[in-house]
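Novice: Quick note: the sequence shown uses our numbering, first residue 225, plus one each step.
Honestly, the hints are just simulated from the structure, not real lab data.
These numbers were taken from a predicted model, which means no experiment stands behind them.
Be aware that a few hints might be false.
[Said to hold, decoys possible] Derived Cβ-Cβ restraints for the label pairs, each shown as a range:
1) R352 - P650: 44 to 54 Å
2) E670 - F620: 38 to 48 Å
3) R352 - D316: 54 to 64 Å
4) E670 - E449: 22 to 32 Å
5) D651 - F539: 35 to 45 Å
6) T627 - L531: 46 to 56 Å
7) D672 - R375: 51 to 61 Å
8) N505 - I359: 36 to 46 Å
Note that beta-carbon positions come from the ideal geometry of N, C-alpha and C, so glycine has one too.
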Amino acid sequence: MSPLRRRIGGLVLVLLFAVSTPIASAAERMRGVAVTEERIALVIGNAAYRVDPLDNPVNDARLMAQSLRQSGFAVALHENLDRRALVDALRDFGNRLGENTIAVLYYAGHGLQLRDRNYLIPVDAEIRSEDEIPIAGVDLGFMLGRMSTARSRINIVILDACRNNPFSGKGGPRAQGLAQMDAPVGTLLAYATAPGKLAADGAGANSLYASHLARQLLTPGLPVEHVFKRVREAVVRDTRQLQVPWESSSLQGEFAFVPGVTTARESAADVEAAGELAFWNSIQASTRADEYRAYLRQYPNGRFAALAQTRVAAFTPAPATPPTTAATATTASARADTMPHVGDTWRYRVQDQFRIGDLFLTAKVDGVSAEGVAETWTTTSDAKLRTTLVSLEPGFHTLPGWTLTPPEFSPYLLAAGGLRPGQPIPDQALRVEQVPVALHARIEGEEDIVVAAGRFRAVKLVLRGQAQSRGAARSGSVSIEHVVWYSPQVRRTVKYTVATHVGTALRESTSFELVEFRLN
Numbered sequence: 225m226s227p228l229r230r231r232i233g234g235l236v237l238v239l240l241f242a243v244s245t246p247i248a249s250a251a252e253r254m255r256g257v258a259v260t261e262e263r264i265a266l267v268i269g270n271a272a273y274r275v276d277p278l279d280n281p282v283n284d285a286r287l288m289a290q291s292l293r294q295s296g297f298a299v300a301l302h303e304n305l306d307r308r309a310l311v312d313a314l315r316d317f318g319n320r321l322g323e324n325t326i327a328v329l330y331y332a333g334h335g336l337q338l339r340d341r342n343y344l345i346p347v348d349a350e351i352r353s354e355d356e357i358p359i360a361g362v363d364l365g366f367m368l369g370r371m372s373t374a375r376s377r378i379n380i381v382i383l384d385a386c387r388n389n390p391f392s393g394k395g396g397p398r399a400q401g402l403a404q405m406d407a408p409v410g411t412l413l414a415y416a417t418a419p420g421k422l423a424a425d426g427a428g429a430n431s432l433y434a435s436h437l438a439r440q441l442l443t444p445g446l447p448v449e450h451v452f453k454r455v456r457e458a459v460v461r462d463t464r465q466l467q468v469p470w471e472s473s474s475l476q477g478e479f480a481f482v483p484g485v486t487t488a489r490e491s492a493a494d495v496e497a498a499g500e501l502a503f504w505n506s507i508q509a510s511t512r513a514d515e516y517r518a519y520l521r522q523y524p525n526g527r528f529a530a531l532a533q534t535r536v537a538a539f540t541p542a543p544a545t546p547p548t549t550a551a552t553a554t555t556a557s558a559r560a561d562t563m564p565h566v567g568d569t570w571r572y573r574v575q576d577q578f579r580i581g582d583l584f585l586t587a588k589v590d591g592v593s594a595e596g597v598a599e600t601w602t603t604t605s606d607a608k609l610r611t612t613l614v615s616l617e618p619g620f621h622t623l624p625g626w627t628l629t630p631p632e633f634s635p636y637l638l639a640a641g642g643l644r645p646g647q648p649i650p651d652q653a654l655r656v657e658q659v660p661v662a663l664h665a666r667i668e669g670e671e672d673i674v675v676a677a678g679r680f681r682a683v684k685l686v687l688r689g690q691a692q693s694r695g696a697a698r699s700g701s702v703s704i705e706h707v708v709w710y711s712p713q714v715r716r717t718v719k720y721t722v723a724t725h726v727g728t729a730l731r732e733s734t735s736f737e738l739v740e741f742r743l744n
């Protein structure tokens with residue numbers, strides 16, 4: 225099962241029913257201050273689902289719990305709750321609410337909508353039809369009602385329930401995302417992406433949305449509306465507008481997670497420095513190399529870049545390699561740098577002009593052998609899990625049981641050493657409308673390419689072919705062009721475009737673009 229999933233309609237509800245100037249603060253700021261409010265938080269991360277388990281919600285919950293503790297909240301952290309445990313956790317939290325509490329509820333996991341109501345989905349849910357959602361899930365209205373009855377001074381509900389619908393492929397509910405909700409008076413509603421839309425679960429240890437939110441809420445004196453504005457700007461930038469967080473607000477006061485003073489004179493450099501420091505503080509105790517790689521991708525010349533590089537090296541297991549002779553040592557080393565490792569994961573956005581529109585594909589390496597790379601594939605078009613063996617030799621590869629996209633040409637050609645200067649690539653063959661077309665492959669050199677996952681130095685490979693056919697259009701020709709970009713930084717394809725013409729008519733126009741990836 226891929227660790228990367230679409231987050232559907234990631235709803236973040238921030239409810240402030242009676243907003244006042246913040247009095248409670250982070251522990252370091254509370255000395256000498258008369259405190260009358262109690263800051264409490266319930267943080268839930270659901271990932272171990274029976275159907276369509278997720279990778280990041282538990283990590284996201286732990287990250288949010290850490291940031292909330294740093295901002296002065298007493299946090300109850302729960303992971304992988306079944307329905308009974310989920311209801312119990314919400315009930316216990318509701319019983320603690322009072323007129324002097326500042327309460328935060330954060331939930332990460334699956335969420336579904338039905339008739340304009342939103343439901344949190346426990347890990348033991350097995351939903352076969354839409355009418356089972358109310359009995360399998362937990363209605364968000366339950367918690368909102370408890371908050372309203374308690375008349376808490378400030379209630380903040382963060383629903384990071386923006387994963388894919390795991391039940392749509394089994395005759396279950398088809399609706400995507402969570403339902404849009406208008407913001408009542410004194411309320412801010414913030415979605416990790418627009419209502420009903422899809423967002424990335426994240427290729428690293430945490431989702432983009434949770435990562436930015438956990439850092440920004442620690443900014444001293446930053447009003448909650450500005451917290452979400454900064455998060456929205458960062459997510460839009462990092463995803464190249466593929467994911468756009470959305471807010472609706474009717475607040476009548478101000479609230480800051482960490483009290484302090486901000487001014488209009490605050491420079492962009494100061495904001496960037498504060499964000500970098502918050503990022504580093506959130507990972508500095510980690511022993512995961514991918515978290516330090518994420519820091520280096522965002523701050524390649526940052527204050528802690530040298531230390532991050534040291535920790536990447538320290539926490540990255542050295543691959544076991546067979547003995548090599550002096551003559552083959554250089555070649556073997558270069559090959560190892562681009563060879564995929566077990567656990568490597570890539571997520572692509574696929575755009576198709578004629579058949580499927582837009583969807584996301586995720587590939588994860590399950591094993592590497594002389595026969596090739598064993599992959600697990602998932603797509604957002606259905607709930608199926610597909611396994612395949614991809615040869616390291618040049619050639620087209622078709623995913624078993626999948627016909628919505630064209631065959632993929634040698635995604636691991638770089639690892640196989642097939643892109644060395646002067647090395648020929650055998651001609652290939654495809655069929656278009658029963659017409660066989662021979663394609664000639666040519667390496668066109670290196671160039672910089674920018675995709676949603678970032679900027680990479682890549683090798684460009686072009687495969688072109690043309691054939692004649694009586695059944696084709698007026699010109700009687702069929703032409704195909706596949707363009708592939710490979711980068712050693714990624715260990716797999718960065719971008720892939722396909723264009724097929726029959727006569728003068730464009731019959732196929734498909735592109736694959738890397739959105740995010742994680743390397744082990």
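Novice: Against each hint, give a clear statement of whether it holds in the structure.
Specialist: Quick rundown of the hints versus the structure:
no.: 1; hint: R352 - P650: 44 to 54 Å; verdict: 49 Å, holds
no.: 2; hint: E670 - F620: 38 to 48 Å; verdict: 23 Å, violated
no.: 3; hint: R352 - D316: 54 to 64 Å; verdict: 30 Å, violated
no.: 4; hint: E670 - E449: 22 to 32 Å; verdict: 45 Å, violated
no.: 5; hint: D651 - F539: 35 to 45 Å; verdict: 44 Å, holds
no.: 6; hint: T627 - L531: 46 to 56 Å; verdict: 49 Å, holds
no.: 7; hint: D672 - R375: 51 to 61 Å; verdict: 57 Å, holds
no.: 8; hint: N505 - I359: 36 to 46 Å; verdict: 42 Å, holds
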